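Chains as they are written, first to last, in the numbering used here: chain A, 1 to 119; chain B, 1 to 114.
Careful, some of the hints might be misleading.
[Stated by the list, open to error] Below 25 Å or equal to it, Euclidean Cα-Cα: the simulated SDA-like pairs (lysine to any residue) are:
#1 A:K111 x B:K71
#2 B:K57 x A:Q2
#3 A:K111 x B:A102
#4 B:K57 x A:A1
#5 A:K111 x B:E52
#6 A:K111 x A:R96
#7 A:K114 x B:K71
#8 A:K118 x A:T18
#9 A:K55 x A:P9
#10 B:K9 x A:A87
#11 B:K57 x A:A87
#12 A:K111 x B:K9
#13 A:K111 x B:P39
#14 A:K118 x B:S84
#15 B:K71 x A:I46
[What the hints assert, rightly or not] Pair by pair, the computed Cβ-Cβ distance ranges are:
#16 B:A82 x A:M11: 41 to 51 Å
#17 B:M27 x A:P41: 19 to 29 Å
#18 B:M41 x A:L47: 15 to 25 Å
Source of the hints: derived by calculation from the structure; they are not laboratory data. The structure presented is a predicted model; accordingly, all values stated were derived computationally and were not measured. C-beta atoms are modelled at their ideal positions from N, C-alpha and C, and glycine is treated no differently.
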Amino acid sequence: AQTVTQSQPEMSVQEAETVTLSCTYDTSESDYYLFWYKQPPSRQMILVIRQEAYKQQNATENRFSVNFQKAAKSFSLKISDSQLGDAAMYFCAYRRGVIGGGSQGNLIFGKGTKLSVKP
Amino acid sequence: NAGVTQTPKFQVLKTGQSMTLQCAQDMNHNSMYWYRQDPGMGLRLIYYSASEGTTDKGEVPNGYNVSRLNKREFSLRLESAAPSQTSVYFCASSVARYRSLAQHFGDGTRLSIL
């Protein structure tokens, strides 16, 4: 079974600095997708960034970028120029690629990393 | 654009009571999901509906039932609530279950069972 591990329960960053959140996953599949979701205190789950496993190029979305290391099964999130609004829980999630039936196509989440941003 | 709407946002139940959580999406998505989120845990899938007319169990289905009423609506029912079901419940939807497009989430329902 696939698993997702976020080894940092809490992280802290100074406003305007850069922080990297770690995520590792375990799978025997070659076709899959990885996601980072942000959950602010409002409880909403907001998609931050997505990476397709077959793409070697790391995904970027404005101040957010990933370091995808397929061989190492690592998918870290880098937040540049951190802002107060970035304070939230961040969840890494895994999803298998195109498959047949069963629940294997659903999202598997890590336990999350709580990010604090200091002014 | 409402996206995914969950009702209610908060609810307190007594052990043994029944309750239905409602979820509706206006994005014409095929697939819908119910998750629960417990302290220190990520989201865990309870049930999902790959398309209208189908439902399947996820990781933690015991104690729950679901109904995909139509393409827009996917409800979650607790027939006899137990304190272990105290959690925050999220509904989500996506265009299709087997594509890379991400799931869109509702704002959650905080459910407390005494």
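So, going through the hints one by one against the coordinates:
Annotation: proposed proximity of K111 (chain A) to K71 (chain B) is violated, straight-line Cα distance about 31 Å (limit 25 Å). For the proposed pair K57 (chain B) and Q2 (chain A), the alpha carbon gap of about 17 Å is at most 25 Å, so the pair holds. A hinted pair counts as satisfied when its Cα atoms are at most 25 Å apart, and K111 (chain A) with A102 (chain B) qualifies at roughly 19 Å. A C-alpha spacing of about 16 Å is found between K57 (chain B) and A1 (chain A), which places the hinted pair at or below 25 Å, so the restraint holds.
Only pairs whose Cα atoms come within 25 Å are accepted, and K111 (chain A) paired with E52 (chain B) is rejected, the gap being roughly 30 Å. Straight-line distance between C-alpha atoms of K111 (chain A) and R96 (chain A) comes to about 19 Å, which keeps the hinted pair within the 25 Å bound. Restraint check: the Cα-Cα separation between K114 (chain A) and K71 (chain B) comes to about 35 Å, which exceeds 25 Å; the hinted pair is violated. At most 25 Å may separate the alpha-carbon atoms for a hinted pair to count; K118 (chain A) and T18 (chain A) meet this at roughly 12 Å.
A distance of roughly 28 Å separates the Cα atoms of K55 (chain A) and P9 (chain A); the hinted pair therefore is violated under the 25 Å criterion. Taking the CA atoms of K9 (chain B) and A87 (chain A), the gap is near 23 Å; set against the 25 Å cutoff, the hint holds. Taken as a hint, the K57 (chain B) and A87 (chain A) pair is broken in the structure, with Cα atoms around 33 Å apart against an allowance of 25 Å. Using a Cα cut-off of 25 Å, the hinted pair K111 (chain A) and K9 (chain B) holds, with the two alpha carbons roughly 23 Å apart.
A hinted pair counts as satisfied when its Cα atoms are at most 25 Å apart, and K111 (chain A) with P39 (chain B) qualifies at roughly 9 Å. With a C-alpha separation of about 36 Å, the suggested pairing of K118 (chain A) with S84 (chain B) is violated against the 25 Å cut-off. Taken as a hint, the K71 (chain B) and I46 (chain A) pair is honoured in the structure, with Cα atoms around 23 Å apart against an allowance of 25 Å. Separated by about 35 Å at the C-beta atoms, A82 (chain B) and M11 (chain A) break the suggested range of 41 to 51 Å.
For the hinted restraint 19 to 29 Å between M27 (chain B) and P41 (chain A), the CB-CB distance of approximately 25 Å keeps it satisfied. A hinted range of 15 to 25 Å for the beta carbons of M41 (chain B) and L47 (chain A) is consistent with their spacing of about 20 Å.
The structure fails hints 1, 5, 7, 9, 11, 14, 16 (numbered hints given earlier, in ascending order).
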